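Turn these sequences into a full structure, and let the hints steer you where they fit.
Residue strings, one per chain:
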Amino acid sequence: MEKNVVLSKTAEGFSLYIKEDLTFEQVKEEIRNLFDGYSSFFRGQTLLIQLKGRVLDEHELLVCNNICEYYTQARIIIDDRESQNTEVKKAIVEENKATKSKLEDNDNVNSEASLETLEAIDSVESVEVIETVEASKAENYESDKLQQSVETVSEEIPVLRDEPYVNEQAEDNVELNEPEIKGYLSDFITEENNDDNVPAIDDNTENSVFDFCMKNAEIFKGCLRSGQQLSSDKSILYIGNVNPGAILYAKGSIYVLGSLKGSAFAGQGGNTNAFVYASEMEPSQIQISDIVAMSEANTMKWLKSRRNKVYKDTIAYISGDNIVLDSLSQSLNEIKTI
Amino acid sequence: MGEVIVVTSGKGGVGKTTTTANIGTGLAMLGKSVLMIDMDIGLRNLDVVLGLENRIVYNLVDVIEENCRIGQALIKVKGYDHFYLLASSQSRDKTAVNPDQMKRLTELLKTQFDYIILDCPAGIEQGFKNAIAGADRAVVVTTPEVSAIRDADRIIGLLNANNIKKTELIVNRIKIDMVKKGDMMSADDVVEILAVDLLGIVPDDENIVISTNKGEPLVGNGTKAGKAYENICKRITGEDVPLMNLSKKGLLGNLFKKN
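Taken in order, these protein sequences are the chains called G and D.
Under my numbering, the first residue of the first sequence carries the number 1, and numbering increases by one thereafter.
Under my numbering, the first residue of the second sequence carries the number 1001, and numbering increases by one thereafter.
Because the hints were derived from the structure by calculation, they are not lab data.
Owing to the predicted nature of the structure, the values given are computational and were not obtained by experimental measurement.
A few of these clues could be false.
Partial chain G-side listing against chain D, Cβ under 7 Å, derived [unchecked claim]:
(1) 11
(2) 14
(3) 15
(4) 221
(5) 229
(6) 231
In silico lysine-lysine, DSS-like type, Cα no more than 30 Å apart, as pairs [stated by the list, open to error]:
(7) D:1166 / D:1181
(8) G:234 / G:251
(9) G:221 / D:1165
(10) D:1180 / D:1129
(11) D:1078 / D:1110
(12) D:1214 / D:1166
(13) D:1181 / D:1214
(14) D:1032 / D:1181
(15) D:1129 / G:221
(16) D:1175 / D:1224
(17) D:1180 / D:1032
(18) G:221 / D:1166
(19) D:1103 / D:1129
(20) G:221 / D:1180
(21) D:1110 / D:1180
(22) G:312 / D:1180
(23) D:1076 / G:312
(24) D:1076 / D:1110
For each residue, glycine too, the CB sits at the ideal point set by N, CA and C.
Right, dumping it as structure tokens:
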């Protein structure tokens, strides 16, 4: 009997044949089974996979990509078109060589940990051991989330835009999805920004923006109180609450494992790829690069009983000319496609 | 060797002076030797709340400037063996004292008293710096309002930055009926934001106004607020006292509740 999914080696990478008449659920299941247990084999590499057989749409492709990446712990580029730019392939081959040698250096440290964790640990050697553990915990947490994103990606979560968002999907959810943060951005938009809505791919960035940021994060913990400020030339990982009136400045991205009630200024100096993550997102202001978004005054939001509109596990990033708030699962995909 | 406790809040009008007067009196009732120092130079009122206004001869600035001996400036509170007030000057301002002088003064007085309680002025300027200079421990008073909490948050940050090891919180003027209706923050909400240990909750009580006007602290007089301050004093001495149940109703209330 013919197999549903077949993976075979080609000159450039792999080709993945998916049987024509499978439903998407079946495809997901098959791919999961196929890649389960390959993490030690593919870890840290970049794989180019060409699809054959069943045609996947953009959304399905993204989901499959995530499944593959989760189980192989490798960077996967799924290509559904036959003609692929040869330069990209060349770059991938070189990148693979580089990461392999890096991996060999790291292997004696911890063979179980993922590449991301290893790099995070490398970059914070000077920080206390406890804090490093926290960091790798956070990393694991993120990868858990990634798996969840695979499951929930089909539920479109509305992004917050400059103009009032109109929810077309669910009328009864309108209140929940109401934009809490609006960007007042018109003053800041330059001509250049208007020309180029899609962020350019930077050839020098690491495997993903997320990866890149973890490697360059400074870790703090405690409770940042009103009037206190933290700034870093790297990204900031803040473990604890950022209270109203406190400000975080970072040249890179900002991660808050706690509630962000103060202000977060990420991408200082013009990094538009920077983003702000918080486990509880109730900021007074968010600035990324030179775009500012501020919360509407929400009276009585300090009352627990009225705080049902807290955004949990949320990422704020630049989309077009606006800063948008999005659930972590959704935005991770967004960031990967940059 | 005694302990120097600074009572502070950042925002004005949340009940620092009332709290100082009641904590001081409560600790004296527990048999401790207590000295209260009014740090609000230029706007003194701790003496008024304690009913000692007419007995001030020398004040804090006189002690600092060595116009008198320390013993001359200490006003003994009637009815207690070791309970004194060092009043502040009404005619000078905060710049009359500097943090180093305060530190030296508290170091000296610490040897004579179990507890020295400093009534800090509102704000974070010179007066605040003077008050926290010699403090070992801080009690932050706040009311369940956003503005007071924001200031308390700032103050806690400054206290941490100035190496005050122990910072505890008193949530003052809780109106339990409003909390139940969801119109006022509960003590839990406040603690969640400020992330410090809770020393006590004081309910809003009309008796406070009466006691302030009379010049007699209400600790120990049977009112709810008085009881709350008693518990706070016991907690300061290290005793483990559970938070009192503010919503307790009388006998009739309980009967109706059952039906």
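Structure-based check of each hint:
1. 11: Residue 11 of chain G check fails; min Cβ-Cβ to chain D is 59 Å, beyond 7 Å.
2. 14: violated, 51 Å
3. 15: Constraint on residue 15 of chain G not satisfied, violated at 54 Å.
4. 221: Violated, about 12 Å.
5. 229: Status violated, d = 11 Å.
6. 231: Violated: closest Cβ of chain D sits about 16 Å from residue 231 of chain G, beyond 7 Å.
7. D:1166 / D:1181: violated, 33 Å
8. G:234 / G:251: Holds - the C-alpha atoms of residue 251 of chain G and residue 234 of chain G are around 6 Å apart, at most 30 Å.
9. G:221 / D:1165: Judged against 30 Å, a Cα distance of about 18 Å means the pair holds.
10. D:1180 / D:1129: Status violated; Cα separation ~38 Å.
11. D:1078 / D:1110: Between residue 1078 of chain D and residue 1110 of chain D the Cα gap is close to 22 Å, so the pair holds against 30 Å.
12. D:1214 / D:1166: violated, 33 Å
13. D:1181 / D:1214: violated, 33 Å
14. D:1032 / D:1181: violated, 40 Å
15. D:1129 / G:221: holds, 26 Å
16. D:1175 / D:1224: holds, 12 Å
17. D:1180 / D:1032: The hint is violated at about 37 Å.
18. G:221 / D:1166: Holds. Residue 221 of chain G to residue 1166 of chain D sits at ~19 Å (cutoff 30 Å).
19. D:1103 / D:1129: Measuring from Cα to Cα gives roughly 11 Å; hence the hint holds.
20. G:221 / D:1180: violated, 34 Å
21. D:1110 / D:1180: violated, 43 Å
22. G:312 / D:1180: Holds: residue 312 of chain G and residue 1180 of chain D sit about 26 Å apart, inside 30 Å.
23. D:1076 / G:312: Violated - the C-alpha atoms of residue 312 of chain G and residue 1076 of chain D are around 56 Å apart, more than 30 Å.
24. D:1076 / D:1110: Holds, at about 17 Å.
Going through the hint list in order, the structure does not satisfy hints 1, 2, 3, 4, 5, 6, 7, 10, 12, 13, 14, 17, 20, 21 and 23.
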